[in-house]
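Undergrad: Build the complex from these two chains, which are given one at a time in their own frames, with help from the hints.
Protein chains in written order, with our numbering: chain A, 1 to 386; chain B, 387 to 831.
Derived by calculation from the structure, the hints in this document are not laboratory data.
Bear in mind the structure is a predicted one, so any value in this text is a computation, not a measurement.
Beta carbons: idealized from backbone N, C-alpha and C, even for Gly.
Heads up, a few of these hints could be off.
Stated by the list, open to error - Beta-carbon label-pair distances, calculated as ranges:
| hint | chain 1 | residue 1 | chain 2 | residue 2 | range |
| --- | --- | --- | --- | --- | --- |
| 1 | A | G155 | B | I609 | 47 to 57 Å |
| 2 | A | A192 | B | E685 | 34 to 44 Å |
| 3 | B | N746 | A | A192 | 57 to 67 Å |
| 4 | A | L271 | B | W767 | 25 to 35 Å |
What the hints assert, rightly or not - Which residues of chain A face chain B? A partial, calculated answer using Cβ under 7 Å:
| hint | residue |
| --- | --- |
| 5 | R215 |
| 6 | L254 |
| 7 | L341 |
| 8 | A342 |
| 9 | T345 |
| 10 | R347 |
To be verified - Okay, the calculated bits of chain A under chain B, using three or more residues with CB under 8 Å as the criterion:
| hint | stretch |
| --- | --- |
| 11 | 137 to 147 |
| 12 | 198 to 212 |
| 13 | 259 to 265 |
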Amino acid sequence: MGKVVLVTGVARHLGARFVREIRREPDVDLVVGVDVQPSPYGLEQAPPEGSGGRVADYVFARADIRRPAVARIIAEHSVDTVVHLNVTATPLGSGGRGTVKETNVIGTMQLLGACQKAPTVQRLVVKSTTSVYGSAPRDPAVFTEQMQPRALPSGGFAKDACEVEGYVRGFSRRRPDVAVCVLRFANIVGPAADTPLNEYFSLPVLPTVLGYDPRMQFVHEDDAVEVLRLAALEPRRGTTNSGTFNVAGEGVLLLSQCARRLARPTVPLLLPAISWVAGLIRQTRVADFSPEQIRLLTHGRVVDVRHLHETFGYTPVRSTAEAFADFAAAAAAGLLPTERLAAATDRLAGMLPPAGRTPAAAGRTTEGGPAGAGPAESGTWELDLR
Amino acid sequence: MSAAREYAMGDAKVIPIESARTGGAAQPPSRDREAAAQPDADRSTADRSTADRSVPGREGADRTRPGTRPPAQGRDARRARGPVRPPAAGPEDDRRAAHRRLPPLSALPQGPLPGPAAAGAAGAAAVGEAVGGAADRAGAAAERIADAVGHALAGPLGGAAERLLGRGWERRAANGLAFLRRRITGDYEVDEFGFDRELTEEVFLSLLRPLAEKYFRVEVRGIENIPAEGGVLIVANHSGVVPLDALMTHVAVHDHHPARRHLRMLAADLVFVLPGVNELARKAGHTLACNEDAQRLLERGEVVGVWPEGFKGIGKPFSERYKLQRFGRGGFVASALRAQVPIVPCSIVGAEETYPMIGNARTLARLLGLPYVPLTPTFPWLGPLGAVPLPTKWTIQFGEPIATDVHPPEAADDPMLVFDLTDEVRETIQHTLYRLLVQRRSVFF
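Isolated chain B, as found in the complex (with noise of 0.2 Å):
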């Protein structure tokens, strides 16, 4: 905490470069441990957080502000810091500056390959001095292009930025700086599962949430029906080609409850099979589909969102719409039981028509190695155009909980018992999409 307080509060002139070289990367900064830990949903905290940080704001201000040119006082701290620089830095800048643009390894190979194991390590840190001194160099003009805007900013900008921005924009600042620097550090946390819920509160949800909200304006109902705490397995119907309708859910059920619940999905392991895709759905918090993980997710106490008709609902043609398809093997009934949570059905309307899935092409999903390919009116004709969905009217319905703990747990392996409740939900979820439809005006608005 103190070190970096001390970053904080000092003014340009005494900037700590020395012991941040010394430093290093020894010990990891704990500012914001607390923001940290309770990243919690409601944004009091993150107030909290800020009001702390702009007590030292406040003087750095006040020290600068009073007529004189603060952008001067920036400069005059670089000038102060030019010798700081390592000695080795001066001759071979062409070299370094080639390290910075090239990914470094692809340098790393030429050190190691002539020689034994000696060459190959001389190799390395030799290697390693020249992008050291390129990090240096990025580290030192990073603090310099800090100074000037912080400086900037203190001084003739923040007028304009309040007027573009609106008011409160130096909290979102702070925030958004104070997130950086964790990010950075690498000073988060992840559950076991993964769940990096700071950037899926920051990042994920907030690109989703625009969707959700003007383009497909999805209306959302029954949210009192998920308790405020405790696990509960929310059950939808799976449809539109891409699970858009899982990411909307996830956007629904945080924005919306009172608690600020986050919903862990349980995803095909076609997800997690995917490069890129399966580091997004983890750190979103989505885990895979099997017993194991559902029921510990539920014991947890977590919201845990399945899809049981998977890719037989997803994938389905557009003649088919709102009709569910078979719930598997009523694994989800079975995990609830053990648990001992509610199951709430959820009915998603809307979904269906945003890919109008009128074809498949199986011959190249069986070469993609993909459970289907879409042929939909714009897609694949008109390109990345036709990957647009269509900006339908979205309504996404909570059903009354369905009570598990009126069972004992081992009721889980009675077959009939749990084949009598999935169809019960089924039943539930498929009511509720017929009576949605009859209300609905139409399927854009």
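Extracted from the complex, chain A is given alone in its bound form (with noise of 0.2 Å):
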């Protein structure tokens, strides 16, 4: 007899994907999807295309995991692998911060009750996030899974993501033999993840914090499925798939830096001002910009991902820069001209007559020339003339 795996968040983006990736293992017999709402992007439907092999049966059960109604659900179908992906930040459809916050929390409470109380359960994993690590300018520039903020984070999601831990750490005390997996993810970027700052990479102009160059760090939704699918199954030889593992992309990449691969303007904005902006664009549902994502567009975060690839045995296939570049890729083209300025950079370069020959002749200074191609470019001529 195969595994039965339990996975909660399927309407949404990453959990539907790792439903489809889930029921092509080989060793699993059943997948149960469970949400408030069936999954959009077509779960019941047959097999997922060019799969060729078996796949996995799909069974979807509309239940709101706040209620207990999900140990019904566990019982019934004997699972004994619980994937929890409904821990987000950003409600599903309509609703409030009050009614994420309730299915962060609650709904974790109810689902490690009902599992506690079921024998067949013997796997869980747990998505949660780095925002656990909050952002502030007096941690450390790089954070480790043993590390503890000086401050915990004072609401949002990212303090739900801490009592959702917490509420696992209290599951694992007393429930032993259940193998428990935390993962926490960095930003997911990918060209159809549905995350806010996804969201905030898609605005036309970026409001970005005077006098802040946060770095950041990101996972692509390839590496999050992948990492998730060898967390739901048995450790391969040499690694252990549970504890708590930071997972993101090697290397780190300043907002500036994002903006500039988007070919997207910024306008660097007070503290004060960003605030009032944020409320705009949350009020007009141009995107989710909580106070927590201006905190991390503030003061950045970056994660130690050692751990994860040394004990966990993963490395995941695209840095932080290439999971960006996908990102971008997908993106809509920006509004800076990027190209094309790098293009006349380009032309120029090439027309300057090659060292050690030059025709003898007299004219204007070569200061006057550039400075007029715009304020970059004459400041570096002056640098390059030290």
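TA: As structure tokens, then:
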């Protein structure tokens, strides 16, 4: 008899992708999807295209994990692996912050309660976030799994995630026989990921905080799904997949770098002004721009991924920069003509006479010329003439 | 690589405008990846990349030079490019011009305010288009100017440029352009601490170097005490109100060390709270003075600089000059012990007299949330002029390394040993300071 995997949050992009992936596993017999609404990604339909071989059955159970109904579902299908992906920052469809918090915290409590009562459950995977570390100027530059931030997040999704992790720790104490894996994901990006940061980067003009250039880390959704898959299965030889792991792509990008790679102009604003703009953006529903996201965009956050590479045994295929490049390739073209500016510099460089051969002629000084090409260009020229 | 190379190869007549527009920002250009990947301190890499680039340059120059007037070609190209502009650009020239002058976001609220989501998105898109038009024009203008300048330099102005800027200006200009290109497209790398090596080398150090070489005439001794590779902790005395001594030490280590190593400084948390300052500090490779960061840097094999006196040292009154303050709690020694790296004591003479602090405006400091507000003979009485440091003559002496690998890493938890080592480092620096002060002829020469 194969595994029975219960997945919460299948109505979201990541959950749906994970279900598709885990159904292809040979030793998985049944996948139970739980959410308040059926997945809009068509999980119920025929087996995923191109899979070739056998795929596990899929059952959707409409249930609100805030209610005890989930215990019945676990008992009914004798679930042995629970993958809890319904810890999210944004509401599904309508609903405010209150609903999100309830789903995150009360939902996790109910689910863990149900798991504790179910003797069949052997493995629990919980999606968390690196925002449990907060974003503060007085914290270390790189967080490892053991580090505690100097101040716990005061609210928002980060606080939910902290509380969820607290309940998960309590659960693993009460059920030491269950392998528990907490995955702290950095910001998930991808062509189709539906995260708040993706929405932010889709704005035509990126508001930033004046005087701060935060360090960001991303993980590609393909890598996120792969890490979840590995965590939900038996550990491979020489690796452990229970414990807490930071999941992020190698390397770091600065926000200014992201903006330039997206060819989006940035507007640096003072902190009070940006709170106002964030409120406006939130109200118009162009993007979710929460206070904790502003903190992220102010101070940034970088986590250490050595533990993931060495203990968990997985190195994300895409680095932070590559994950972001994949997202940028799918994003709409930006407003800055960076391509053309870059081409202009290339042409200018190509037209420079080769060193050591110069025609003897007199004329204007060179500083006069490029100064017209824009402030950045003139600045660099002067610098270069040191 | 290939697309970028095409731009460089093509002469003024075959301008891939279309591809530039349709390509959009989709694929970040990968030109000069090698240069970006290892922007090594030694100039040889830079030279190599320029040599690469000068090949297409030579072709272009050969084609344009003989007799013909190159700028005319540029003008032709411009005319040909005219109709390629977006058709929507025509009627609303004024509005677009306005958008260009205004910061784009100030226009953003106009859209979203009246209606719900759809209106907001539409408004944003409209603004986007308008700004996009302006951006297109800016791009075209930049190309035109690049053409004109390039032809001028290839033709009549080359001689003038050489006379004015000295030999090899083409190479430097090409370097500058490559740097500019990477900045425009965001095609550079930072490490996990946010250290932007290229920016530090090209901009920060270039700005600080005249200060170190011409103004303070820093004399560097004992640079051979810093190993060519591997982690090392440099511990120095702190003085002079403004952390100029730390910046000068960075220049000294980078410019004098044969391996051109970068000094990664551990800075006070105040640095990372202040807007603007924190951004520059991170890009210059500094990080917060805490055990985790220090150890991480040392384990990565970096040269880490620490000024354990902190604000007690840098903000001490002039009467106490060159008297070392307490060395914190010895956390730096524990980090070095754990990482098993040597400690190099460093004594800096001359920084104390740059701003002789004769008083401290305590009330104002408390109001501003700063550790001190200095009063010097010139500041704040002479206004901004008073903020100019005195041109003292500096000496930076790196001492003999103190080995820590004779102790096991667990020794970091032995407070007696940590205190002993802390005292040893402190005494070494203090004695070296006294010796250097005796040798010094004058504060200013």
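Undergrad: Checking against the hints above, which ones are violated?
TA: Failing hints: none at all.
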